[in-house]
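Q: Spelled out, the chains give:
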Amino acid sequence: MNLLACLLLAFLLVCAVSVSFTRSLLGSIILLMTYSVVMSVLWILLRSPDLALTEAAVGAGVTGILFFAALARLRAVDRAAKNGGKGATHAEDQ
Amino acid sequence: MPKINDRYPASAHKRVSDWLTNGFTGLDREMTQAETPPAAPSAEAAGQAEDAFQEKARRDRERESDLYARLHHWSVTRGERQARLLYRFLAVIVCGGIVFFLLRTVSALPALGRVDAPVNNEVSYRYISRGPEETGAVNFVSGMILDYRAFDTLGESSVLFLASCAVMMLLRLDRDDAKGPVPSPLSLTGGDLHGDDILRASSLVLFPVIALFGAAVVLNGHSSPGGGFAGGAILGGALMLLSNAAGEERVSRLITERRASLAIFTALLFYAGAKSVVFYTGANGIPLDIPLGEPFSILSAGLILPLDMCVGLIVALTMYGFYRLFTKGGY
Chain Z
1 MNLLACLLLA FLLVCAVSVS FTRSLLGSII LLMTYSVVMS VLWILLRSPD LALTEAAVGA
61 GVTGILFFAA LARLRAVDRA AKNGGKGATH AEDQ
Chain H
1 MPKINDRYPA SAHKRVSDWL TNGFTGLDRE MTQAETPPAA PSAEAAGQAE DAFQEKARRD
61 RERESDLYAR LHHWSVTRGE RQARLLYRFL AVIVCGGIVF FLLRTVSALP ALGRVDAPVN
121 NEVSYRYISR GPEETGAVNF VSGMILDYRA FDTLGESSVL FLASCAVMML LRLDRDDAKG
181 PVPSPLSLTG GDLHGDDILR ASSLVLFPVI ALFGAAVVLN GHSSPGGGFA GGAILGGALM
241 LLSNAAGEER VSRLITERRA SLAIFTALLF YAGAKSVVFY TGANGIPLDI PLGEPFSILS
301 AGLILPLDMC VGLIVALTMY GFYRLFTKGG Y
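Protein chains in written order, with this note's numbering: chain Z, 1 to 94; chain H, 1 to 331.
By construction, these hints were calculated from the structure, which means they are not laboratory data.
Virtual Cβ for every residue (Gly too), placed ideally from N, Cα, C.
Take these hints with a grain of salt, some might be off.
Stated by the list, open to error - So the derived list for chain H, only partly shown, Cβ under 7 Å to chain Z, looks like this:
| # | residue |
| --- | --- |
| 1 | Val141 |
| 2 | Pro225 |
| 3 | Phe229 |
| 4 | Ala230 |
| 5 | Gly237 |
| 6 | Met240 |
As the list claims (entries may be wrong) - Listed next, with one range per pair, are the computed distances between beta-carbon atoms:
| # | chain 1 | residue 1 | chain 2 | residue 2 | range |
| --- | --- | --- | --- | --- | --- |
| 7 | Z | Val17 | H | Val277 | 44 to 54 Å |
| 8 | H | Ile198 | Z | Ile44 | 25 to 35 Å |
| 9 | H | His73 | Z | Val17 | 49 to 59 Å |
| 10 | H | Gln82 | Z | Arg47 | 51 to 61 Å |
| 11 | Z | Cys6 | H | Ile198 | 35 to 45 Å |
Modelling step: build the complete structure from the supplied sequences, incorporating the hints.
A: Put into structure tokens, the structure is as follows:
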């Protein structure tokens, strides 16, 4: 249990840092969702299932979908696909 | 003002006051005077008056347009800057006032970590020791957020409602613009993008399971982990999934903007009304016996179940509304 918590915490740190260093917006959203899932498992380990449920539903579910929708609205996903997954970090030509 | 003074001698007010001062004969005299018609003006005089009137009207128009031009010039050169300065000044004053009152409130609270502060002895102890018997909720957290601290949750729900209003203001498109929608990569029915059968079929299989789970989380908020917020988020996610899988038109025909706003508003109103009654009776020592029921059964814990349902409804519809506004710019 302790080892699992340590591993999850380390993974959490890696996720949190890599969100800001990922060049692809799509990738950083997925990393954020991963962060939320790991965090919700940690909440369960900390014996607060209420927070775990909310974290999983809001952090991993709804927030991610809303970010995806916003990216789709900005056409950033299309551009990322066209650039061969390189991602769109700059607001280029419209 | 001069106009009013000019008219005064002929006014009803003058006649009434004359009648009051001079008696009935005064009014009589006035009326007989008014009956004699004034001398008809000659044709020349009428023409001159007409000319003078036209001239005056022309001058007035000129002066008016001149005034507008000057006003426009002023608003472009100096007015805008002055308005901005005034805006900044007022913004600083309002923010400073809010900061001042918040800081005063915070400084009136007991210091953090003080041993004799209520938070450190009575409150948490009472939540744990008497929570289930007072609120009827086996889940302490639900008992806390929907009973002891329900005012907080009402504020949160109102914030969600306000946020959805703000998003609607920012992102909403007019109906005509929405006719030719931007093809959304998320849309499974769009045809040109991601018309993926596997994704669609699995979403349709998963939707009932997720929706039932969300409903169970909402309805069992008082006896198991979860509650209105978590369950509402799950239901909102399920609605998003459905609108991707079964086609946006079908879901948006079921959940129109009008219905969603009405449902959210009704839920907030019910929440505020129910808690107002509880606060009023509680503060005045009026007994209000809401049956608490058996622990662990669905119909228990008094008001917590309906309040949970309200919060769940608000959260689910707000999440779904966010999604619709982000992708389509409308419900």
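Q: Holds or violated: is the Cβ of Ala230 of chain H closer than 7 Å to a Cβ in chain Z?
A: holds (4 Å)
Q: Should the hint that Met240 of chain H touches chain Z count as held when the rule is a Cβ pair under 7 Å?
A: holds (5 Å)
Q: Grab the minimum C-beta distance from Gly237 of chain H to chain Z and call the hint holds if it beats 7 Å, violated otherwise.
A: holds (4 Å)
Q: Does the CB of Pro225 of chain H sit less than 7 Å away from some CB of chain Z?
A: holds (4 Å)
Q: Per the hint of 25 to 35 Å, is the separation of the Cβ atoms of Ile198 of chain H and Ile44 of chain Z within bounds?
A: Given about 31 Å between the Cβ atoms, the range holds.
Q: Range first: 44 to 54 Å. Now tell me if the beta carbons of Val17 of chain Z and Val277 of chain H are that far apart.
A: With Cβ atoms ~50 Å apart, the hint holds.
Q: Could you tell me whether the CB distance from His73 of chain H to Val17 of chain Z stays inside 49 to 59 Å?
A: This hint holds: roughly 56 Å between Cβ atoms.
Q: Taking the CB of Gln82 of chain H and the CB of Arg47 of chain Z, does the distance hold inside 51 to 61 Å?
A: holds (60 Å)
Q: Has the hinted range 35 to 45 Å been met by the Cβ atoms of Cys6 of chain Z and Ile198 of chain H?
A: About 38 Å separates the Cβ atoms of Cys6 of chain Z and Ile198 of chain H, which means 35 to 45 Å holds.
Q: Can you verify the interface hint for Phe229 of chain H: is its Cβ closer than 7 Å to any Cβ in chain Z?
A: Holds. Min distance 6 Å.
Q: Does Val141 of chain H meet its interface restraint, that is, does its C-beta lie within less than 7 Å of any C-beta in chain Z?
A: Hint on Val141 of chain H: holds, closest Cβ of chain Z at ~5 Å, below 7 Å.
Every hint, counting from the list given before, is met by this structure.
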